[in-house]
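Please put together the full structure from these sequences, using the hints given.
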Amino acid sequence: MKTQWKIGGEAGFGIMTAGQIFSKACTRGGLNCFGYTEYPSLIRGGHNTYQTTVSEDPVGGPMRMVDVLVALNKETVTLHSEELSEGAAIIYDPDKVQIRPDEAAKAILVPVTFSKIALETAGQELMSNNVALGASIAVYDYEIDLLLSVIKDQFRGKGAEVVSKNLAAARAGYDYVRQKLPGPYKAKLVKTKKAPNMLMSGNEAVGAGAIAAGCKFYAGYPMTPTSSLLHFMAANERKYRLVVKQAEDEISVINMAIGAGFAGARSMVATSGGGFCLMTEGYGLAGMTETPVVIVMGMRGGPSTGLPTWTEQADLKFLLNAAHGEFPRIVLTPGDMEELFYSTMKAFNLAEKYQTPVIIITDKHMAESHASLGRLDAKAIPIERGELASENTAGYKRYKITDSGVSPRALPGQPGNIFVANSDEHDETGISTEDSGMRIGMMNKRMRKLQHAAKEIDGALLLGPKRADITLVGWGSTKGAISDAMRLLEAEGIKANHLYITAASPFPAEAVGKALKPRKPKLMVELNFSGQMASVIREKTGVEIKNRLLKYDGRPFYPEEICAEVKKVLGR
Amino acid sequence: MINPQSLNSGVFPNWCSGCGDFTIFASIKNSLVKLDMPIEKHFFVFGIGCHGHMVNFMKAYGFEGLHGRPLPVAEGAKLANRDLNVVVVSGDGDAYGEGMSHFMHIMRRNFDITLIVHNNMVYGLTIGQASPTADCGFRSRSTPEGLIEHPVNPIALAIAGGATFVARGFAGDPAHLTNLIMEGINHRGFSLIDVFQPCVTFNSVNTYQWFRERIYKLEEKGHNPADKIEAMKRALEPDKLPIGVFYREQAKQYEEQTPTQKSIVKEPIETDISELLQSMR
Numbered sequence: 001m002k003t004q005w006k007i008g009g010e011a012g013f014g015i016m017t018a019g020q021i022f023s024k025a026c027t028r029g030g031l032n033c034f035g036y037t038e039y040p041s042l043i044r045g046g047h048n049t050y051q052t053t054v055s056e057d058p059v060g061g062p063m064r065m066v067d068v069l070v071a072l073n074k075e076t077v078t079l080h081s082e083e084l085s086e087g088a089a090i091i092y093d094p095d096k097v098q099i100r101p102d103e104a105a106k107a108i109l110v111p112v113t114f115s116k117i118a119l120e121t122a123g124q125e126l127m128s129n130n131v132a133l134g135a136s137i138a139v140y141d142y143e144i145d146l147l148l149s150v151i152k153d154q155f156r157g158k159g160a161e162v163v164s165k166n167l168a169a170a171r172a173g174y175d176y177v178r179q180k181l182p183g184p185y186k187a188k189l190v191k192t193k194k195a196p197n198m199l200m201s202g203n204e205a206v207g208a209g210a211i212a213a214g215c216k217f218y219a220g221y222p223m224t225p226t227s228s229l230l231h232f233m234a235a236n237e238r239k240y241r242l243v244v245k246q247a248e249d250e251i252s253v254i255n256m257a258i259g260a261g262f263a264g265a266r267s268m269v270a271t272s273g274g275g276f277c278l279m280t281e282g283y284g285l286a287g288m289t290e291t292p293v294v295i296v297m298g299m300r301g302g303p304s305t306g307l308p309t310w311t312e313q314a315d316l317k318f319l320l321n322a323a324h325g326e327f328p329r330i331v332l333t334p335g336d337m338e339e340l341f342y343s344t345m346k347a348f349n350l351a352e353k354y355q356t357p358v359i360i361i362t363d364k365h366m367a368e369s370h371a372s373l374g375r376l377d378a379k380a381i382p383i384e385r386g387e388l389a390s391e392n393t394a395g396y397k398r399y400k401i402t403d404s405g406v407s408p409r410a411l412p413g414q415p416g417n418i419f420v421a422n423s424d425e426h427d428e429t430g431i432s433t434e435d436s437g438m439r440i441g442m443m444n445k446r447m448r449k450l451q452h453a454a455k456e457i458d459g460a461l462l463l464g465p466k467r468a469d470i471t472l473v474g475w476g477s478t479k480g481a482i483s484d485a486m487r488l489l490e491a492e493g494i495k496a497n498h499l500y501i502t503a504a505s506p507f508p509a510e511a512v513g514k515a516l517k518p519r520k521p522k523l524m525v526e527l528n529f530s531g532q533m534a535s536v537i538r539e540k541t542g543v544e545i546k547n548r549l550l551k552y553d554g555r556p557f558y559p560e561e562i563c564a565e566v567k568k569v570l571g572r
Numbered sequence: 573m574i575n576p577q578s579l580n581s582g583v584f585p586n587w588c589s590g591c592g593d594f595t596i597f598a599s600i601k602n603s604l605v606k607l608d609m610p611i612e613k614h615f616f617v618f619g620i621g622c623h624g625h626m627v628n629f630m631k632a633y634g635f636e637g638l639h640g641r642p643l644p645v646a647e648g649a650k651l652a653n654r655d656l657n658v659v660v661v662s663g664d665g666d667a668y669g670e671g672m673s674h675f676m677h678i679m680r681r682n683f684d685i686t687l688i689v690h691n692n693m694v695y696g697l698t699i700g701q702a703s704p705t706a707d708c709g710f711r712s713r714s715t716p717e718g719l720i721e722h723p724v725n726p727i728a729l730a731i732a733g734g735a736t737f738v739a740r741g742f743a744g745d746p747a748h749l750t751n752l753i754m755e756g757i758n759h760r761g762f763s764l765i766d767v768f769q770p771c772v773t774f775n776s777v778n779t780y781q782w783f784r785e786r787i788y789k790l791e792e793k794g795h796n797p798a799d800k801i802e803a804m805k806r807a808l809e810p811d812k813l814p815i816g817v818f819y820r821e822q823a824k825q826y827e828e829q830t831p832t833q834k835s836i837v838k839e840p841i842e843t844d845i846s847e848l849l850q851s852m853r
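Line by line, the protein sequences are chains A and B.
With the first letter of the first sequence counted as 1, position 403 gets the number 403 in the working numbering; the numbers rise by one all the way through.
So the mapping is simple: the working numbering equals the position in the second sequence, first residue as 1, plus 572.
The hints are simulated quantities; they were obtained by calculation from the structure and are not laboratory data.
Built from N, CA and C at the ideal position, the CB exists for glycine as well.
Take the hints with a grain of salt, since some may be wrong.
[What the hints assert, rightly or not] With a Cα cut of at most 30 Å, we get these calculated DSS-like pairs of lysine-lysine: (1) K397(A) x K606(B); (2) K824(B) x K239(A); (3) K397(A) x K824(B); (4) K353(A) x K631(B); (5) K191(A) x K180(A); (6) K74(A) x K551(A); (7) K551(A) x K466(A); (8) K379(A) x K613(B); (9) K379(A) x K838(B); (10) K353(A) x K606(B).
[Stated by the list, open to error] Here are the computed distance ranges between Cβ atoms for each label pair: (11) K800(B) x N392(A): 40 to 48 Å; (12) N758(B) x E387(A): 34 to 42 Å; (13) I801(B) x N321(A): 50 to 58 Å; (14) H324(A) x M804(B): 40 to 48 Å; (15) K193(A) x S851(B): 39 to 47 Å; (16) N392(A) x F584(B): 21 to 29 Å; (17) P222(A) x N580(B): 39 to 47 Å; (18) Q246(A) x G709(B): 52 to 60 Å; (19) D249(A) x M804(B): 57 to 65 Å; (20) P415(A) x Y788(B): 51 to 59 Å.
[Claimed, not checked] Okay, the calculated bits of chain A under chain B, using three or more residues with CB under 8 Å as the criterion: (21) 7-14; (22) 214-223; (23) 353-360; (24) 394-400; (25) 422-436.
As C-alpha cells, this is what we get:
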C-alpha cells in the first residue's frame, strides 16, 4: 500500500533531520519512498514540514493525502487538517498542542507527551522529535530496529552519549504508543525482502555523479536550492582529491570554473536563477573559447528573489537563450535522482567531447527532496575526454576548422602546443580576427558541434503504454507526479502515457513531433505561468498543445491534481 | 631557450605609436627571458581593453577573457595546475572598475599569481572616458564638465587588502619595470604591479612629462618594504608618485593549503565511489 507520513513544526525543531531519518528507516526496509520538505526562507520560527511518501511500488513524489501527521506545534494541525485521509492518525504532544474535535473529525488522536518523555529519557527537550519518530514507527507497526540503526548512524560522529540519548528517546516514544495507545491504526509499513535502498537528495545525486565522472574542481556561491551541493562537494573534497572553492560571487564562480576547465580539470558549478543571471556572460565565454564546464541550475520561484525555498520550472526559456550571441548550448533536463546521477556523468563527457558548456536543469523539488534508489552503476557511463592534442603537435591549431566542429584540445603547460584562447572572434590559432570568411567559418564550426552532440542525446522518451487515451507532456521534475498520476488513472481505467523531455537543447524535435499525434488528446504539465516547454515544442515542431495544466505557487504537482485535469480534458 | 623574438607571435602590435603598452609588453618579454623558465610553464590571462590586445602579440599560453574577469580565470587555472606561472595582464578599468571585487578578494587569498595593471587613467579602447583612476576634475567625453569622483588608490587598497607584494612601475622606465615584474613573478604569493602607462591619444593630462615630474623611486629614498605603515604613508602621499616596491611579506599561498597534495590535473580521473554510495544506505 501507499501511505504518506508528515511532520510539521517550527524551523529549528529538527524537522528536516527527523524527516530524513524516517525516510531512511523506510529505505532500509527495502521500501520505496520520496521525502519532500517545505520551509520558509528563514532560520528560526516559521512553519516547516517534511513528508515521506512510502510504498512497495515506485514512488514518484508526494501526494495530497496524509495518513500519519506528526504535529510538533499547533500550526501543523491547523494548516494540514484538510490533508488528513479518513482514519488518519495525528501524533502530538497534549502538553503543548490542544486539538478541537472539529479539527480532526476524521482522524484518530495519538497523544504522546514528547517533551516529558524526552526530558525523562534523554534529559533534553530537543530530543522530542526522536520520541515522535519512535511513536510514528509504532503507529505504522513498523520495525523499530530499522529506525534505531538509522539514528545510530546519523549521530555517530557526535559521540556515544549523544547516540544513546537519541536512541533512548526514540525507543521510549515507540514503547509509549505500543503500551498505552496500541491502535489499531489505518496504515501499516511492512519491511520487504529486498536489499536496503539508498536515500539520496537530488543535490547528492548530482554530487555523486560528478565525483564518479572525475570532477576535480567545484566552485560555488551559496544559493538555495543548490547550497547543499556545495556542502556535499566540500565534505568530499579531501577524500576524493578535489578542489572546492566558495568564491566572492557567481561571476567569479563561473570564471574560476572556466579557468580550471581550460587548464584541464573537469569543472562544475551550481547555482539558482539569480546566480545564473550573473553567470550568463561567463556562459558565453565558455562557448566562445570552447572551454568545457558543467553548470547545474537549480530552479526556484522567480523572478528576482522570488520564492527562494520553493520550486518552479520558469527558467527554461531563459536558460535556452542565456548569454548574448549564438553558440552551441547543451541543456539537459533530467527528472529524478537516478537521472540526475547519470545525466551529470554524461554532462562531463558532453562538455569535454564537444568543448562547450553543458547545463543540467534541476529544481528545488529534486535538489532538496530525497528519493530511494536501488543501485547506481557508475561504470555505465565511461569517462570520455574527447579529442586531446598530443605534446609537440607540428603546426598545432587549437581552433582548427574540422568536419565535426571539434578541434583537438591542448592544455597550458603542455610542451610544444602554445596557443591563445580568445573571447574575441578568432582564427584557427586563436588570434583575434574580424575577417568575414573566418567569422563565418568559426561560427559554422562551433554550431556544427551541436548537430553531432544531438546524435548521442536521447532528448525524449515515451513512457507508459504506446497506445493511450491521453498523452501527458512534461519535462524535468514533473516526471514523478506524472508517473504517479498514470498509476492512479490506470486504476480508474484510463490509459495515459507520458512524453517526457530530457533535453531542451539540442531539442528532440523529431521524436517529440512523432509522439504528438494530431487528434490525440494531449495535456502539457508544467510548473510555470506561460507554458514554456509548450512554447518550445510549438517553435520546434509546429505542434500546439492547447490543454495546459500550469502551476506557479511554488508547490510541486500532486498526482491527484493531474488526474482531475485529465478527466476534465477527456470529459469523464 | 627563450629570447625576446621567440615571444612574438608574428602579429605586430596595433597600439598607438608612443603608447605605454609597448614598453610594458617589452618589459614582460624581457622578464621572461631573464627568468628562463620553459615557455609552456607560463600562462597569461588578459582582460579586455587596449592591454588585452597583447593576447595576439605574445607567443605564450594565453587566455583573453571578459572585461573585468581575468582574475577568477587565473585563480581557477592556478587551482587546477599549480605548476603554471600564472600572470594576469589587466587595465585600470578592467581591474579597478568592472573587476574590483575580484581584485579585493584575490588579495586576501594570496594565490601565487602576478597581476600587472596598465594604468592610464582613461578608457582607451572605448575612445576616451574617465577610468576609476582618473583624477577629480578630469575632462573626457563622459565627463565634459570634469569628473566629480575621486580616484581609486590601488596601491593603498592592495596594502590594506592583504596583498603580499605591492609595487608600481612606469612605462617610461622599462628597465626598472622589468625588474619589478621579475620580482613579482619570483615572489611566492599574490603580486600587484600597477604600471603608469601614458595614453598618448585620449589622455592629454597624464603624459610622460606629467609622470616624470611627479615620480620618484622608493628604493632611492631608503624605503623599507617590510614596513606596512610606512608603505601605506608612501601610497597616500598627496603630490608625489612613488614607484618601486611599496610592500612585501612572506605568507602561505592559497593553493598550497588546499587538501589536495598535488595539482588536480595530475590526479587520476577514474574515481571509485562505491564507499560514497554505501554511506547513503
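Does the structure keep K379(A) and K613(B) at a Cα separation of 30 Å or less?
35 Å, violated
Count residues of the region 214-223 of chain A with a Cβ under 8 Å from any Cβ of chain B, then say if the count reaches three.
As far as the region 214-223 of chain A goes, the hint holds, because 4 residues have Cβ atoms under 8 Å from chain B.
Please work out if K353(A) and K631(B) have their alpha carbons no farther apart than 30 Å.
27 Å, holds
Mind checking the alpha carbons of K379(A) and K838(B) for me, to see if they're no more than 30 Å apart?
22 Å, holds
For the range 39 to 47 Å, tell me whether the beta carbons of P222(A) and N580(B) fit it or not.
Because 45 Å falls inside the window, the suggested range holds.
Would you check chain B against the region 7-14 of chain A, counting CB to CB pairs closer than 8 Å, and say if three or more residues qualify?
violated (count 0)
If you draw a straight line from the CA of K353(A) to the CA of K606(B), is it 30 Å or shorter?
39 Å, violated
So does N392(A) sit 21 to 29 Å from F584(B), Cβ to Cβ?
27 Å, holds
Tell me if the beta carbons of I801(B) and N321(A) are separated by a distance inside 50 to 58 Å.
At 53 Å between Cβs, range holds.
Given the hint of 39 to 47 Å, check if K193(A) and S851(B) actually sit that far apart at their C-beta atoms.
23 Å, violated
Return holds or violated for the Cβ distance of P415(A) and Y788(B) against the range 51 to 59 Å.
43 Å, violated
Is the hinted pair K191(A) and K180(A) satisfied, with a Cα-Cα distance of at most 30 Å?
The hint holds at about 24 Å.
The structure fails hints 3, 8, 10, 15, 18, 19, 20, 21, 23, 24 (numbered hints given earlier, in ascending order).
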